[in-house]
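Residue numbers (my numbering), protein chains in the order written: chain A, 1 to 301; chain B, 1001 to 1297.
Hints listed in this document are in silico derivations from the structure and should not be mistaken for laboratory results. Some hints could be false.
Once the Cα atoms are required to be at most 25 Å apart in a straight line, the calculated PhoX-like pairs of lysine-lysine come out as [said to hold, decoys possible]:
#: 1; chain 1: A; residue 1: Lys299; chain 2: B; residue 2: Lys1118
#: 2; chain 1: A; residue 1: Lys210; chain 2: B; residue 2: Lys1284
#: 3; chain 1: A; residue 1: Lys300; chain 2: B; residue 2: Lys1118
#: 4; chain 1: A; residue 1: Lys35; chain 2: A; residue 2: Lys59
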Amino acid sequence: MPRHLRRWGPPLLLIAPSLILLAVFVYGLIAVNAKTSATDMHTAAQTTGRAPVHGVGLKNYFDLLGSEAFQHSLRNLVIYTVVFLGGTMLFGFLWAWLLDRPVRFEGWFRSIYLFPMAISFVASGVVWRWLLNSNQGESASGLNRLFQMVGLPFLQNNWWNNVDYGIAAIAIPAIWQMSGYVMALFLAGFRGIPEELREAARIDGASEWKLYRHVIFPQLSPVALSAVIIVGHMSLKAFDLIMSISKPANYQTKVPAIDMYVFKSSFNYANAAAVGVILLVIVAILVVPYLVHTTRTEKKS
Amino acid sequence: MTATVEQLGSITGQPRPQDRVPGRGRYALGRTAKYAVLLFFLLVVLIPVYVLFVTSFKGAGDASPTRAWNLPQSWTTENWTAAWDALAPAIWRTVQMVVPAAIISSLLGSMNGFVLAKWRFRGADLVFTLILFGMFIPYQAVMIPLLQLVLNAGIPSGIPSLILLHVIYGIPITTLIFRNYYLSVPNELLEAARVDGAGMMRTYASVVLPISIPAFVVVLIWQFTSAWNDFLFAVFFSSSRNGPVTLALNNLANGALLTNYGVSMAGALLASLPTLLVYVLLGKYFIGGLMSGSVKG
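Let's have the full structure, built from the sequences with the hints guiding it.
The structure is reproduced here in structure tokens:
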């Protein structure tokens, strides 16, 4: 018995506090939240226990998913994610590709491309709200004014005030902040490709395109996957930028995380919890296969 | 997920040697085009910085949209004074929040990382994956019961609650970074300690901790930055009277009916200075956090 204790005791002692905290604050609370989402806790009186709460099964989910307002949020989330992911992957890859080969002042380029990541979404929202001002013509400021000044007045538009695609404008500052991160990932990927591989391909007479198609891209795919997962899960949780640029009451830029906040603010805890579960399911579909996959490949190596 | 601090050498280090490219002329042209593209993107990335900086020094006389992109007619620091008055208490509160949050979650992460890297037990992978999943969950999925739990436990709203939350929800990422770091520590080192009769705790305290400094720097910076920039927990667990700087900044910028952009932008710069300073001074370690937070080996 003491031998068991000697072997199991110390490691357990080190790791137990964290495991207990995570078991309670992640998995325990997910369970409680799921339970709340299956109740009729829609009023302030119920949240403080002054009125009874009843189970309603999946009714809140059906109501939410059936409502046009929430469908609009989900549609916005898809648009936002496509634009955000597409933009960061495009610029991140392009910058890394440009910087991979010897470039003078490489450190400067890299540092400046990456710096927006050190800033909070709230702070960047302050300046982007100004840049994405929807005024045009005489009263234009922000980017619309800049477009006039550089002779591209046709590019002016009403940004996040656009009824159908306003949410895509919110993705622009997100791309500004996260492209440098994707660049850093890709750059590490490029530099991780052994020079011999490129040489071997060249000696075999591979064209530049074939070199990329058959050597470089396959080598970069794990990095690309990481980037998609990281940016993708950030995108699905989009909240700060929208709060700071267009405010939560704005219909055309709302997403599930904003709905959740609005429901919570009006003490509609059941609906807030249901939105939380829906977001969790969406993120889990993206992340769980990735986590399982990485643990497996790591085990093999 | 095994990228670690030392792998960063690959992006912070030297670029690969020059490749042989046929056709010198085309090459020179291509190189000019490359620098032009790089410089163009550099300017685009810096546009918001220019706007922030210039607008924060503009007075009421520069309010006209026709002068939106111009330099101030007369430079004034009144926006900065106003922003400082509005944000200073919140900045101080944020310091009181991020320092303990970063230190405690780093220590926990180090202990977990050590156990998970060096102590193989059945189900270790599952435990690690379950911990990691905590990094990705949308906090919306725990927020409602979390609010009730924190309230019922009597933890004061504002900074104390936020410290607790940043510590707990910081555990997955700190564990990940430390685990990957400790995987690179040779087992012989630990064996030697064991032969000398040191138990696991002694080994951890006297052998492992002293060589963990680089990982601690990375993790502390990472936790400092994410706690400083957090807005989600701030909105749910604090108010403008007791909340951190992101919340105060958002109130400053969006609270009034008509935004005073001069003051807001001075405020945005003020609120970003600490993390920007860390980025400029300790950029290598900052990138370290980025990489280890994501890359798999």
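Do the hints match the structure? See the list:
About 14 Å separates the Cα atoms of Lys299 of chain A and Lys1118 of chain B, which keeps this hinted pair within 25 Å; it holds. Between Lys210 of chain A and Lys1284 of chain B the alpha-carbon distance is near 34 Å, which puts this suggested pair outside the 25 Å criterion. The hinted pair formed by Lys300 of chain A and Lys1118 of chain B meets the criterion: a straight-line CA distance of about 17 Å does not exceed 25 Å. The suggested pairing of Lys35 of chain A with Lys59 of chain A holds, with an alpha-carbon distance near 12 Å, which does not exceed 25 Å.
In this structure, the one hint that does not hold is number 2.
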